[in-house]
Amino acid sequence: MTAIQHKPVSPVAHLTPEDVEELGRLLDEIREEVVSSRGARDAEYIRKVIKTQRRLELGSRAVLLASLFPPAWVVGTIGLSIAKILENMEIGHNVMHGQWDWMRDPKIHSTTWEWDNVTPSEHWKHSHNELHHTWTNVLGKDNDLGYGIMRVDEDQPWSPALLGQPFYNFLNMLVFEYGIAAYDLELFALGKASAEKKAATWAKGKQVLRKVRKQVLRDYVLHPALSGPSFVPTLAANAVANLVRNVWTHSVIMCGHFPSGVETFTRKSIEGETRGEWYLRQMLGSANITGGRFMHVMTGNLSYQIEHHLYPDLPSNRYAEVAPRVQELFERYGLTYVSGPLPKQVASAWWKVIRLSVPTKADLDKRRARKARRATGRRPAVPAQQQETVLEPVA
Amino acid sequence: MTITKTEAVESTSTRTRTLSRTLGRVAEALCTPLVPADYLDIVAPMRPGARRAKVVAVRPETARATTLVLRPAFRWPGHRPGQYLRLGVDVDGVRLWRSYSLTGPQRPDGTLTVTVGALDGGAVSSHLQSVRVGALVEVDGPDGVFTLPDVAPAKTLFVTAGTGLTPVVGMLRTRLADLRDVVLVHSARTADDVMFAEELRDWAAQGRLRLVERHTATQGRLTAAALADLVPDVAERETWACGPNGLLDEIAAAAEAQGWTQRLHTERFRPVLVEPGTGGTVTYGRAGVTLEADGATTLLAAGEAGGVLLPSGCRMGICFQCVVPLTEGSVRDVRNGVVTTATAEDPALVQTCISAAAGPCALDV
Ligand SMILES: Cc1cc2nc3c(=O)[nH]c(=O)nc-3n(C[C@H](O)[C@H](O)[C@H](O)COP(=O)(O)OP(=O)(O)OC[C@H]3O[C@@H](n4cnc5c(N)ncnc54)[C@H](O)[C@@H]3O)c2cc1C
Ligand code: FES
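Protein chains in written order, with my numbering: chain A, 1 to 395; chain W, 396 to 760.
None of these hints come from the bench; they were simulated from the model.
Keep in mind that the hints are not guaranteed to be accurate.
[Unchecked claim] Pulled a few chain W residues facing chain A out of the computed Cβ check, cut under 10 angstroms:
id : residue
1  : V421
2  : T427
3  : P428
4  : D433
5  : D436
6  : I437
7  : V438
8  : V486
9  : L491
10 : G683
11 : V684
12 : A700
13 : G701
14 : G702
15 : L704
[As the list claims (entries may be wrong)] Keeping only pairs whose Cα atoms sit at most 20 angstroms apart, straight-line, the calculated EDC-like set for lysine to aspartate or glutamate is:
id : chain 1 : residue 1 : chain 2 : residue 2
16 : A       : K48       : W       : D436
17 : A       : K107      : W       : E423
18 : A       : K51       : W       : D433
19 : A       : K107      : W       : E699
20 : A       : K48       : W       : D487
21 : W       : K550      : W       : D576
22 : A       : K214      : W       : D433
23 : A       : K107      : W       : D485
24 : A       : K125      : A       : D313
25 : A       : K125      : A       : D142
26 : A       : K48       : W       : D433
27 : A       : K107      : W       : D487
28 : A       : K51       : W       : E423
29 : A       : K51       : W       : D485
30 : A       : K214      : W       : E423
31 : A       : K51       : A       : D105
32 : A       : K107      : W       : E533
33 : A       : K51       : W       : D436
34 : A       : K107      : W       : D535
35 : A       : K107      : W       : D436
36 : A       : K125      : W       : D759
37 : A       : K51       : W       : E533
38 : A       : K107      : W       : D433
39 : W       : K449      : A       : D105
40 : A       : K204      : A       : E122
Glycine included, each C-beta is placed from N, C-alpha and C at the ideal position.
Work out the full structure: start from the sequences and follow the hints.
Encoded structure:
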């Protein structure tokens with residue numbers, strides 16, 4: 001993809017500003033309907049998911065006490081992996097979005113929730129809820145576009161280090177929760193940071209380390225120790241469950257914004273963005289995953305990425321319900337609802353990571369031009385990736 | 396070295412304490428980032444110590460009031476007759492907290508009773524009319540200063556109306572034996588609307604108290620003058636009154652005029668309000684929520700409606716459990732219109748349950 005403003009034919013050229021505002025109004029209407037009908041049914045849903053998750057976790061850990069016995073290891077590891085995924089995705093991520101705050105249950109509230117992830121929920125709410133959801137797919141603003149280490153858009157500049165990005169992405173997948181913690185701390189940009197910034201990062205880093213220590217103690221010391229003679233198999237089961245969760249969440253998250261068909265935006269284009277334009281950006285900047293109910297729950301309903309980005313704080317069980325109406329709006333306004341089965345979307349996202357690691361002739365030309373500019377001392381005031389001429393916001 | 400018996404006992408108990416603390420810490424480490432209670436709540440929500448209660452019996456008290464018998468899971472700290480507890484109930488998925496007076500002593504089987512009057516359009520009171528036996532409710536308390544002194548006064552008067560009878564019946568059920576010369580003036584719409592009617596009428600028949608029932612549908616509301624007629628020695632009696640604000644205001648005015656204010660004790664179920672002022676934009680700083688609230692909506696109600704978790708207790712300005720720092724702007728006390736203003740340098744502590752926005756304001760919560 002290329003930033004929407006740089007495309008020869010913009011996918012939103014046919015919309016007038018009035019269309020965009022009307023679209024926003026219709027999306028607001030759907031939102032209002034859901035907000036005013038939230039109630040016992042929804043509360044029951046999240047409580048049931050939490051109950052199921054905790055029972056599954058306890059059950060799996062109980063089975064793992066006998067993990068020396070291979071069938072027990074297999075059953076326990078599968079159960080624990082599923083429990084860990086549910087905890088992060090359908091529960092943690094969504095609770096932290098404030099999707100369930102309306103219940104006023106202090107035990108299921110964005111301000112009190114702590115999840116089983118080495119990134120403290122406080123950091124996550126800032127980097128994910130505040131930054132990513134506000135700046136979705138805006139080049140140079142949304143860190144999720146490649147996590148600051150990869151190039152996932154033609155408009156991000158190429159450099160030789162990016163040749164290794166398929167490998168980085170693979171590594172990141174294996175240790176994804178640590179990758180998220182590292183990129184929340186902006187460790188990759190620390191070299192250029194001010195002393196003040198470094199001190200702040202260190203303070204945040206200590207909080208991450210505290211969580212790492214607790215997780216390691218729980219998964220790799222205490223639960224294995226409880227298993228007595230099954231110490232090593234239980235430790236392995238925990239390691240595998242954490243690995244499975246890393247691979248799964250990484251894949252799901254790649255599917256949200258990287259597959260082909262998803263649009264990106266330049267920073268200038270969103271200055272003074274209206275509510276309607278914001279909605280439009282969320283519609284074009286996200287991709288869904290198709291599948292069965294179990295798959296949707298396991299992705300934390302991020303398979304309804306489009307609906308989630310339109311309504312990040314509505315209860316996740318409602319995304320499936322509003323999806324047909326949202327899709328109908330896409331059709332009515334001639335927009336592309338990007339969606340596909342998990343393997344296809346994962347492959348599409350991976351292909352992009354691989355494809356963009358190799359420069360085209362144009363990428364090399366741009367790189368040479370950038371170097372020449374730097375050599376003549378005309379340092380760009382803003383990072384190169386925001387240097388391109390920005391077309392007028394379309395429509 | 397000789398170890399005395401007490402020393403041995405002491406060191407054993409210290410050891411048990413250290414051991415249980417260590418075990419507690421291990422359990423926490425096993426459950427992180429949750430706490431053991433989060434798992435226990437799933438498998439044993441009524442485990443000893445949980446701050447909740449099971450509804451073990453529900454019986455209609457009148458056509459518009461229901462008595463709930465509750466068995467707390469935790470060790471009830473005991474209460475003085477006249478005190479109330481707070482119930483946290485999920486109504487259509489939303490946790491709401493309301494206060495209910497205890498209508499009697501804790502029973503030998505550990506149960507507590509409250510009686511809830513139905514209020515048209517009342518969220519919790521309507522919900523509790525049809526609560527199921529076996530339902531779990533969150534519990535907090537007891538609390539309240541509307542109580543009898545340890546030494547019974549020589550002459551006692553109770554003036555109640557509607558559900559205002561609940562704390563008083565709690566006092567009578569516990570202390571009637573050691574009270575002498577008791578008069579109860581109770582107002583209800585009709586004879587059938589009198590809660591605990593049989594019990595009250597029995598006590599009256601036995602001569603243990605003088606009961607005056609006033610049926611407002613036919614006799615009209617009780618006035619201070621009517622009260623003086625019914626109870627000529629009202630000024631000499633230690634008086635406890637609970638009921639609608641109109642009645643309490645009238646009695647308070649009479650007591651003031653006749654000089655027996657010190658002998659009057661009142662309990663209100665809702666604050667007395669003045670004309671609302673202008674509202675404003677309220678920022679709940681730490682929660683990151685900003686919303687518009689009108690001058691009649693309290694900062695507590697507005698915040699809760701916006702999904703903010705706020706501390707609260709009685710919700711009517713008496714317990715101070717809802718106090719939070721106001722860091723910017725002005726708020727108005729909905730009971731008397733008094734405006735409190737704060738700046739970042741000079742924050743003020745305000746009760747959210749009786750304060751409404753008076754222009755833009757920010758709370759550090
Ligand atoms: C210390 C204390 C003890 C209490 N003890 C009891 C008790 O033993 N039994 C009992 O039934 N209630 C008691 N209450 C009242 C109870 O806490 C609730 O306020 C009541 O049940 C109404 O709650 P709701 O959610 O149904 O109404 P809400 O949904 O909160 O209110 C609905 C509407 O009714 C109005 N309203 C609220 N309260 C009253 C009222 N008391 N009279 C008239 N209109 C009102 C509101 O302004 C609103 O317009 C007590 C209150 C306090 C502060
Ligand atoms: S809640 Fe009791 S004073 Fe506000």
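Hints versus structure:
1. V421: With a minimum Cβ separation of about 7 angstroms from chain A (threshold 10 angstroms), the hint on W:V421 holds.
2. T427: holds, 5 angstroms
3. P428: holds, 4 angstroms
4. D433: This hint holds: W:D433 lies near chain A, its Cβ roughly 7 angstroms from the closest one there, short of 10 angstroms.
5. D436: Given a least distance of 8 angstroms, the restraint on W:D436 holds.
6. I437: holds, 5 angstroms
7. V438: holds, 8 angstroms
8. V486: At 8 angstroms from the nearest chain A Cβ, W:V486 passes the 10 angstroms test, so the hint holds.
9. L491: Where the cut-off is 10 angstroms and the nearest Cβ of chain A is about 7 angstroms from W:L491, the hint holds.
10. G683: holds, 9 angstroms
11. V684: holds, 9 angstroms
12. A700: This hint holds: W:A700 lies near chain A, its Cβ roughly 9 angstroms from the closest one there, short of 10 angstroms.
13. G701: Hint on W:G701: holds, closest Cβ of chain A at ~8 angstroms, below 10 angstroms.
14. G702: For W:G702, the interface hint holds, since the closest Cβ of chain A sits about 3 angstroms away, which is under 10 angstroms.
15. L704: holds, 6 angstroms
16. A:K48 to W:D436: Given pair A:K48, W:D436 holds - Cα atoms ~13 angstroms apart, limit 20 angstroms.
17. A:K107 to W:E423: The hint holds at about 16 angstroms.
18. A:K51 to W:D433: It holds: about 10 angstroms lies between the C-alpha atoms, which stays within 20 angstroms.
19. A:K107 to W:E699: This hinted pair holds, its Cα atoms lying about 15 angstroms apart.
20. A:K48 to W:D487: holds, 16 angstroms
21. W:K550 to W:D576: With Cα atoms ~5 angstroms apart, W:K550 and W:D576 stay inside 20 angstroms; holds.
22. A:K214 to W:D433: Between A:K214 and W:D433 the Cα gap is close to 17 angstroms, so the pair holds against 20 angstroms.
23. A:K107 to W:D485: holds, 13 angstroms
24. A:K125 to A:D313: holds, 12 angstroms
25. A:K125 to A:D142: holds, 14 angstroms
26. A:K48 to W:D433: Given that 20 angstroms is the threshold and the Cα spacing comes to 14 angstroms, the pair holds.
27. A:K107 to W:D487: Satisfied, since the Cα-Cα distance of roughly 17 angstroms is no more than 20 angstroms.
28. A:K51 to W:E423: holds, 19 angstroms
29. A:K51 to W:D485: holds, 17 angstroms
30. A:K214 to W:E423: Holds, at roughly 10 angstroms.
31. A:K51 to A:D105: Given that 20 angstroms is the threshold and the Cα spacing comes to 15 angstroms, the pair holds.
32. A:K107 to W:E533: Answer holds: A:K107 to W:E533 is near 12 angstroms, not above 20 angstroms.
33. A:K51 to W:D436: Roughly 9 angstroms between the alpha carbons, so the hint for A:K51 and W:D436 holds.
34. A:K107 to W:D535: Between A:K107 and W:D535 the Cα gap is close to 16 angstroms, so the pair holds against 20 angstroms.
35. A:K107 to W:D436: holds, 11 angstroms
36. A:K125 to W:D759: holds, 19 angstroms
37. A:K51 to W:E533: holds, 18 angstroms
38. A:K107 to W:D433: At roughly 8 angstroms apart (the allowed maximum being 20 angstroms), W:D433 and A:K107 satisfy the hint.
39. W:K449 to A:D105: Holds, at about 18 angstroms.
40. A:K204 to A:E122: This hinted pair holds, its Cα atoms lying about 10 angstroms apart.
Of the numbered hints given earlier, the model fails none.
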